[in-house]
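**Student:** Sequence:
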Amino acid sequence: MKYDFEDHCWKEMVSEELLEIYKTYRRETYVGKKPALLVVDLYNLAYEGGARPVIELQKEYPSSCGIHAWEAIEPTKQLVEAARSLGFPIIYLTGDQKTRMTGAFSSTNRKSTSVKSDDAYEIYHAFKPEPENLIIYKTRASGFYGTPLSAYLTMMGVDSLIVCGESTSGCVRASVVDAYSHGFHSVVVEECCFDRSPLSHKISLFDLHHKYADVMHIDEVLEHLANRELLKTI
1 MKYDFEDHCW KEMVSEELLE IYKTYRRETY VGKKPALLVV DLYNLAYEGG
51 ARPVIELQKE YPSSCGIHAW EAIEPTKQLV EAARSLGFPI IYLTGDQKTR
101 MTGAFSSTNR KSTSVKSDDA YEIYHAFKPE PENLIIYKTR ASGFYGTPLS
151 AYLTMMGVDS LIVCGESTSG CVRASVVDAY SHGFHSVVVE ECCFDRSPLS
201 HKISLFDLHH KYADVMHIDE VLEHLANREL LKTI
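Counting from 1, one number per residue, gives the positions in the sequence shown under UniProt numbering.
Honestly, the hints are just simulated from the structure, not real lab data. Possibly wrong hints are sitting among the right ones.
[Stated by the list, open to error] Lysine to aspartate or glutamate pairs mimicking EDC-like chemistry, simulated, CA-CA at most 20 Å apart:
1. 211 x 4
2. 11 x 219
3. 211 x 16
4. 211 x 28
5. 128 x 48
6. 77 x 122
7. 33 x 219
8. 77 x 191
Build out the structure end to end from the sequences listed, making use of the hints.
**Tutor:** This is the structure we're talking about:
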């Protein structure tokens, strides 16, 4: 199936005039030759309170992404299962709980007084890492900042990333921009990323797609991978 470059969730928000301005970014999207799956911050904290509107969860679960997180579970499971079956490296990013608990982690633009559970930053059970999967603990938004992620990717012979996780406007965006700066092509899977704000999600995907990454639908990514495996048998 042929996918149009602009056929994405931001379509109803972006004017024809703006699309005309950005038309020079149009290109063929692709999955790299030796990809790894980068799973960004799919920890328990994002799913607290269940599949409810985010606004209803703010008082008790201020870090939850609510319904947006839950809607992304099934497509993300498909993506993880495909990566496992094809033998791609899977790398999980999550917060460094120890640093946060000691107060060494500081932020200038937001403060949270909510109490985090002991397993807040453990990977959500639907995407449980296997023993061979790499888990990288980070203290900032980007998975590259202050971590050995780039070195591991180089050692594994990875040339590109397939990215899923949260939040689209935060840690996903920061990690993808840094991946671009480190020379790695990235594919951001639209249905497998989410944010507390649908507006931030859509606009972040628009920006990433036109400057730093290829935003692709889950079906599109799975089709690329299936076709690649088919060619190996010919």
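**Student:** Does each hint fit the structure? Answer for all of them.
**Tutor:** To see whether the hints hold, each was checked on the structure:
Proximity of residue 211 to residue 4 is assessed by CA-CA distance (about 17 Å); at most 20 Å being required, the pair is judged to hold. Proposed proximity of residue 11 and residue 219 is supported: the alpha carbons are some 18 Å apart, at most 20 Å. In summary, the hint linking residue 211 to residue 16 is supported, as the alpha carbons are separated by about 18 Å, within the 20 Å threshold. The hinted pair formed by residue 211 and residue 28 meets the criterion: a straight-line CA distance of about 14 Å does not exceed 20 Å.
Between residue 128 and residue 48 the alpha-carbon distance is near 17 Å, which keeps this suggested pair within the 20 Å criterion. Distance check on the hinted pair: residue 77 and residue 122 sit about 17 Å apart at the alpha-carbon level, within 20 Å; holds. This hinted pair checks out: residue 33 and residue 219 have alpha carbons roughly 18 Å apart, not beyond 20 Å. For the given pair, residue 77 sits about 11 Å from residue 191 by alpha-carbon distance, which is consistent with the 20 Å threshold.
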